[in-house]
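Please put together the full structure from these sequences, using the hints given.
Chain residues, written in single-letter form:
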Amino acid sequence: MTTLEAPAKPISLTKFTAGDFKSDLKPIWCPGCGDFGVVTAITRALANLARPPHEIAFVSGIGCSSRIPGYTTAYGFNTVHGRSLPIAQGIKLANPELLVLVASGDGDGFSIGGGHVAHAVRRNIDITYIVMDNQIYGLTKGQLSPTSSRGRKTVTSSFGSLEDPVNPLLYVMGYGASFVAQGTPADMNGLAKIIEEGIRFPGFAFINVQSPCVTYGMEEQQLKAHKTNMQSLEAMGHDTSDRAKATELAREYGTKLYTGVLYRNPNPPSTYGQGVIERHEALKKSAVPRHEILNRFKPTS
Amino acid sequence: MSEDLIIGIAGSGGDGVISAGESLITAAALEGYHCVMTKSFGSQIRGGEASCRLRLATRPVLNPNGPLDVAVALNWEDFRRFGSELPVEAATIVIYESNTGVAPDQLPLPGVKPAVVFSVPITAMAAEHAGTNKAKNIVIAGLLAGWFGIGRESMLAGIRKKFAKKGATVVEGNVRAFQAGLDFTAANPLKEDRKLAAPQSGGQAKLLTDGNDMCAAAAIFAGCTFFGGYPITPSTEIMQFLDREIWKYGGTVLQAEDEIAGIGAVVGASFAGKKAMTATSGPGMSLKTEILGLASLAELPLVCVNVQRGGPSTGMPTKAEQSDLFQAAFSAHGDCLRPVLAPTSVADIFGVTVEAFNLAEYYQTPVIVLSDQEIAQRKETVDPIDTSKFQIIERRHPSGPELANYSRFKLTESGISPISHPGMVGGNYLCAGIEHNEQGRPTASGEMHARMNEKRFNKFNPLKNRRDLFTIEGDPEAPIGMVSWGSVAGVAREALRLAQAEGLQVKLLVPRLLYPVAETVYQDFFASVQRGLFIEQSYQAQLYRIVRMNVDLPAQVKAFAKSGSNPILPSEVLKRLREMVVSIQGNQQQQPEAVEN
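Residue numbers (our numbering), protein chains in the order written: chain C, 1 to 301; chain L, 302 to 898.
Please keep in mind that the hints were generated in silico from the structure rather than gathered at the bench. Where hints are given, some of them may not hold.
[To be verified] Distance windows between CB atoms, simulated:
| no. | chain 1 | residue 1 | chain 2 | residue 2 | range |
| --- | --- | --- | --- | --- | --- |
| 1 | L | G635 | C | P266 | 46 to 52 Å |
| 2 | C | N48 | L | E755 | 41 to 47 Å |
| 3 | L | K765 | C | L283 | 40 to 46 Å |
| 4 | L | K765 | C | Q222 | 56 to 62 Å |
| 5 | L | P702 | C | L283 | 48 to 54 Å |
| 6 | L | P613 | C | N48 | 39 to 45 Å |
| 7 | L | K711 | C | E248 | 52 to 58 Å |
| 8 | C | G237 | L | G551 | 56 to 62 Å |
| 9 | L | S700 | C | N48 | 42 to 48 Å |
Virtual Cβ for every residue (Gly too), placed ideally from N, Cα, C.
Below is the structure:
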């Protein structure tokens, strides 16, 4: 376990099941919430990756979706609203050998925390960012979210939203991400697969999950509708290395529900962590013992 | 002979004012003098006015303030912009650029007639000997070296080294410019010999640095391996120093996209088990507040340095103030306690920063270090520090048996629960900003919340008995007691010295631990006190008010407070001490305003 880009490398021969990653904490979610499917997909992916729970740091912000870390056996960190990405990056930089997952929602990730996404992408720190996008604020009971469609009526948009929604897929493509995918719990196998691929991808990986809110969501956003609407990118024969095509498909967010890997950079760029390792290697010989650091302040004429 | 010289130099940004000051202080430090140099600028990025105050002394200097013994003006307009930062008195020796066209008896200094005034063609001398106006700073260095006997040889060596890359012609030109300064002083000697006497501690070279670099070096010494932050005046040099050094120790500096992300990454690194730090100034502290609360509730160690500047809002970014103590102590929602420490000098910030890491790791808490612009950016000589005297404390990890049935937030007698980190087998837990039970599971139980609050407060009880984080100087039974903190403590110390020389019975309490308030330390200090004075650089006298909140102080304990960048002078403090003596003698019952601004 010395390389940064191989988080999937098992440290033991132990076989894991999804159950090994599920905690006994009872979720606060409404019955039928899409997030149940997401936690199941994540634990399945983790079982396939065969990294023991204590080597996983699972970070989140605030919202229904951000409760997820507590429902796993990983080291969870349920932080503050919108700040999961900076905190997760600090964890990964402090200990590059950890597998670092981030869970967020459309409000946490693209409203209050939206400013951090571009920087996480450009730094290309090897973490996996899973956003449960339900186009509504569920935890606070039904307010407009940044991905709510124009005209949507909610308790804070009584006469209909006057704003265009954020397009998470297009934003992240635009920021230059190397791995962008979308899934839905309506296709559990597909969702578990893209999460696993995202984690295995060496660098920042973004997975948008259409995870419906059963309480405040609209009918056409529910899993039942997903089952008929979703279009598998793989079945469409989409070339995941085609950045221009991926960007074009990303534009259809909100009208089409594509599932699978939208874009995967065929030549993944060097990660921030690799740069750190190289720098440490190059500079370690020039370190003076810590207790001699004050010699830096000896004046010279 | 002089034992103590205060020199002020002012001019436009391009005049080399700062570089002249730096040559002088470096030379003086090499010769073993005690020195302090502060710089002051207009808010322009380039150009504009620049000044430095340089204090050189044969014994330890406690602050850079006081009227100038020597004033150097490259032009009068810029000089006068610094107002009370560069006070000229009748006794001040004034040296100024001849081409300002001002007659020596017509200096534009209202109400002051300095007795000794030299009009010197500084620019012309630079142009003549070095072939460039840029050598003005070298001429100034030569003048000051000549009249005041500072480091002639070291300065010549410095000039040779500094210009070596530019070739022999440039080196010799600058050496000639320096010599021209010396020659001018030989031709125009002072009537009274003002050359600095030999340093009392002998000629041993001292360390020379500023508070920001010293703070960063202390972080490295303490074992910090992660820094996350965002550039902000006047703290940025901490990040810059660490960026040059920390990588060598396997550490990382992350220049984050904003102040929140900076401390966010620090909390993440601490969760991952590393000693981590951020540094900022007022506006950045405001932004970091929410995550500081997270670190308090999640009991994660971190050090947050706030290099205070004038506020509120953007305020006065390049000026020192002690007005962020309320924020440091109280800016959190919910019931929350975090230690606040303050250094009093460049030398002091070493120990204070190491202590901050120790407290953070031991108590599993954010710790705030309240530095200020003056300490941060002033250059000061520091006697060699014996680092072997400093203990380094690491966070308490769970033992094998504790991991077998691990409770991250176990309610222990001390309130301190062993802390695991990712990668540790069996230590898995949910760390969260939401209230939790002993296992870290979210809870909405009022009873559990009360118990956890009690744990998070009680764990700090031993801190209030840390008398080593306070110094008391002067007569322990004195009826007059001063309290001062941060860079202003140096002013109070000097006032104490002056008062003692007059035979006044005075003592001084200097806290490094500002919060929580160590009640018994203040109670004991004020037990003998009939008249007390808190001396602070802020409008409100924030320590005075916080101590009053916690300790039943005698009514005659008042505060002397000034808003930032208006120097508090030892002579002003002395005046108040004398008044207190008179007041005690007359046993006057008059009640002046509690805070005098």
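A quick look at each hint next to the structure:
1. In this structure the supplied range 46 to 52 Å holds for G635 (chain L) paired with P266 (chain C), their Cβ-Cβ distance being about 49 Å.
2. For N48 (chain C) and E755 (chain L), the Cβ-Cβ distance of about 44 Å falls inside the hinted range of 41 to 47 Å, so the restraint holds.
3. The hint said 40 to 46 Å for the Cβ distance between K765 (chain L) and L283 (chain C), and at roughly 42 Å that hint holds.
4. Against the hinted window of 56 to 62 Å, the Cβ-Cβ separation of K765 (chain L) and Q222 (chain C) comes to about 58 Å, which satisfies the hint.
5. The hinted range of 48 to 54 Å is not satisfied by P702 (chain L) and L283 (chain C), whose Cβ atoms lie roughly 40 Å apart.
6. A C-beta distance of roughly 54 Å is found between P613 (chain L) and N48 (chain C), which places it outside the suggested range of 39 to 45 Å.
7. Distance hint for K711 (chain L) and E248 (chain C): a CB-CB separation of about 55 Å, consistent with the stated range 52 to 58 Å.
8. Separation of G237 (chain C) from G551 (chain L) is about 47 Å and departs from the stated range, judged on CB atoms against 56 to 62 Å.
9. A hinted range of 42 to 48 Å for the beta carbons of S700 (chain L) and N48 (chain C) is inconsistent with their spacing of about 34 Å.
Taken one by one, the earlier hints fail for this structure at numbers 5, 6, 8, 9, listed in ascending order.
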